[in-house]
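Visitor: Sequence:
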Amino acid sequence: MDYPERFANLPEYAFPRLRRLLDAHAPGGEPIAMSIGEPRHPMPPFVGEVLAANLAEFGKYPANDGTPELLSTISGWLARRFKAQVSEDRIMALNGTREGLFNAAVALCPEVKNGKRPVVLIPNPFYQVYAIAAATVGAEAVFVPVTEENGFLPDFESLPAEVLDRTAIAYLCTPGNPQGAVAPRDYLARLLALAEKHDFKIFSDECYSEIWRIAPPPGMLEVVQDTGADPERVVVFHSLSKRSNLPGLRSGFCASGPSNIKEIRQLRAYSGSPLPQPIQRVSERVWADETHVEENRALYMQKYADVAEIFSGVNSFRLPDGGFFLWLPVDDGEAAALKIWRETGVRVLPGAYLAREVNGQNPGKNYIRVALVAPREETQRGLIKLRDCLHK
Numbered sequence: 001m002d003y004p005e006r007f008a009n010l011p012e013y014a015f016p017r018l019r020r021l022l023d024a025h026a027p028g029g030e031p032i033a034m035s036i037g038e039p040r041h042p043m044p045p046f047v048g049e050v051l052a053a054n055l056a057e058f059g060k061y062p063a064n065d066g067t068p069e070l071l072s073t074i075s076g077w078l079a080r081r082f083k084a085q086v087s088e089d090r091i092m093a094l095n096g097t098r099e100g101l102f103n104a105a106v107a108l109c110p111e112v113k114n115g116k117r118p119v120v121l122i123p124n125p126f127y128q129v130y131a132i133a134a135a136t137v138g139a140e141a142v143f144v145p146v147t148e149e150n151g152f153l154p155d156f157e158s159l160p161a162e163v164l165d166r167t168a169i170a171y172l173c174t175p176g177n178p179q180g181a182v183a184p185r186d187y188l189a190r191l192l193a194l195a196e197k198h199d200f201k202i203f204s205d206e207c208y209s210e211i212w213r214i215a216p217p218p219g220m221l222e223v224v225q226d227t228g229a230d231p232e233r234v235v236v237f238h239s240l241s242k243r244s245n246l247p248g249l250r251s252g253f254c255a256s257g258p259s260n261i262k263e264i265r266q267l268r269a270y271s272g273s274p275l276p277q278p279i280q281r282v283s284e285r286v287w288a289d290e291t292h293v294e295e296n297r298a299l300y301m302q303k304y305a306d307v308a309e310i311f312s313g314v315n316s317f318r319l320p321d322g323g324f325f326l327w328l329p330v331d332d333g334e335a336a337a338l339k340i341w342r343e344t345g346v347r348v349l350p351g352a353y354l355a356r357e358v359n360g361q362n363p364g365k366n367y368i369r370v371a372l373v374a375p376r377e378e379t380q381r382g383l384i385k386l387r388d389c390l391h392k
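Per UniProt numbering, the sequence shown starts with residue 1, numbered consecutively.
No lab work stands behind these hints: they were computed from the structure.
Fair warning: there could be bad hints in the mix.
Stated by the list, open to error - Once the Cα atoms are required to be at most 20 Å apart in a straight line, the calculated SDA-like pairs of lysine to any residue come out as:
{"#": "1", "residue 1": "K113", "residue 2": "E69"}
{"#": "2", "residue 1": "K365", "residue 2": "R19"}
{"#": "3", "residue 1": "K339", "residue 2": "L267"}
{"#": "4", "residue 1": "K385", "residue 2": "E334"}
{"#": "5", "residue 1": "K197", "residue 2": "D186"}
{"#": "6", "residue 1": "K303", "residue 2": "F317"}
{"#": "7", "residue 1": "K83", "residue 2": "A229"}
{"#": "8", "residue 1": "K365", "residue 2": "A335"}
{"#": "9", "residue 1": "K303", "residue 2": "R376"}
{"#": "10", "residue 1": "K113", "residue 2": "P62"}
{"#": "11", "residue 1": "K365", "residue 2": "K83"}
{"#": "12", "residue 1": "K262", "residue 2": "P62"}
{"#": "13", "residue 1": "K385", "residue 2": "T136"}
{"#": "14", "residue 1": "K339", "residue 2": "F15"}
{"#": "15", "residue 1": "K365", "residue 2": "C389"}
{"#": "16", "residue 1": "K113", "residue 2": "K83"}
{"#": "17", "residue 1": "K116", "residue 2": "V106"}
{"#": "18", "residue 1": "K262", "residue 2": "K116"}
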């Protein structure tokens, strides 16, 4: 397939579509942004201090893979959080996990799988970088519906054997964006066994793992360790954007087996952009601190409780298990988003903009995604307006 053809059928990105849908219409009240998942809670108080203390390191080329101190700190965090023993040669610092989710596919997806074009499995709805990564490597993207009927977790096990045998990579997001479903340990173990049977890699996007409602979500690394599976079978991605309210820091990491990480590091060495050294110093400190994470989670717990109270009389409503999005059922997501904007000024995202139509069905069409990232009082106002617009 020629390079331009790979991108011919990619839909427009969600937020330009949203602007085209809404911006020609006046808001029906004070605008309240609930469409973008940009955390707005306070960032850790020590960030500026650490950055200022290391400003001189902007004058140096940064460590490509991550400073030894940063990699050691991340290794320690993985041991504390997931009881997973992951050595520094199995970790790479990322310039935001979107970079990693893309570049890992470039580094690790084969050109051919069992003599045929490889497949990349993508939950549907999904984080859009998964699809552009599949297109870039020339793989066939197979969109696996994520619906209420399957507990908002992709049912990879139901796919035909001929698809699984061509599969090179399966993307998974847990807690899920946008549905907020947490993949339980047995689900992760079954997926790992499926990957072993059909010889594919799991790219586990766990960027929302520290925002949860009931219990800490399990991670793929701990399941790999507990089952004795080959760590090369998975690549796990984490970020400081959601955990620590630092989306502008563009700092995360991936972890895998040493061979996978060697390939990803080599791609970075030739074509990537490592984190600036002062950003790596800030990241060291942030991964080492849990106090701000607990405080952040407590703020989301308050908003979970507010949501439950505000929507208590709405039968179709469900609270997410993790993350900071509501996935609200409506008759039509585009029509609902436009109605909400014109009547209340609350800005939400149609679920169809996060999904792909397959066989005439878009699993996001009858939903809107609502971000709970604003301060509590603003979030409460937006939720009440949204409820009253849709259900009264």
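Visitor: Hints first: check each against the structure and report whether it holds.
Guide: So, going through the hints one by one against the coordinates:
Of the supplied pair hints, the one linking K113 and E69 is violated, its CA atoms being roughly 38 Å apart against a limit of 20 Å. A threshold of 20 Å between alpha carbons decides the hint, and for K365 with R19 the separation of about 18 Å falls inside it, so the pair holds. Taking the CA atoms of K339 and L267, the gap is near 46 Å; set against the 20 Å cutoff, the hint is violated. Pair hint K385 plus E334 holds up; C-alpha atoms about 17 Å apart against a cutoff of 20 Å.
The straight-line distance between the Cα atoms of K197 and D186 is roughly 16 Å, inside the 20 Å bound, and the hint therefore holds. Of the supplied pair hints, the one linking K303 and F317 holds, its CA atoms being roughly 15 Å apart against a limit of 20 Å. Proximity of K83 to A229 is assessed by CA-CA distance (about 15 Å); at most 20 Å being required, the pair is judged to hold. Our distance criterion of 20 Å between C-alpha atoms is met by K365 and A335, whose separation comes to about 10 Å.
Between K303 and R376, the direct Cα distance comes to roughly 6 Å. Compliance with the 20 Å bound is thereby established for this hinted pair. A hinted pair counts as satisfied when its Cα atoms are at most 20 Å apart, and K113 with P62 does not qualify at roughly 36 Å. The straight-line distance between the Cα atoms of K365 and K83 is roughly 39 Å, outside the 20 Å bound, and the hint therefore fails. About 18 Å separates the Cα atoms of K262 and P62, which keeps this hinted pair within 20 Å; it holds.
The hinted pair formed by K385 and T136 fails the criterion: a straight-line CA distance of about 41 Å is larger than 20 Å. Taken as a hint, the K339 and F15 pair is honoured in the structure, with Cα atoms around 17 Å apart against an allowance of 20 Å. A distance of roughly 19 Å separates the Cα atoms of K365 and C389; the hinted pair therefore holds under the 20 Å criterion. For the proposed pair K113 and K83, the alpha carbon gap of about 34 Å is over 20 Å, so the pair is violated.
Distance check on the hinted pair: K116 and V106 sit about 18 Å apart at the alpha-carbon level, within 20 Å; holds. Straight-line distance between C-alpha atoms of K262 and K116 comes to about 26 Å, which puts the hinted pair past the 20 Å bound.
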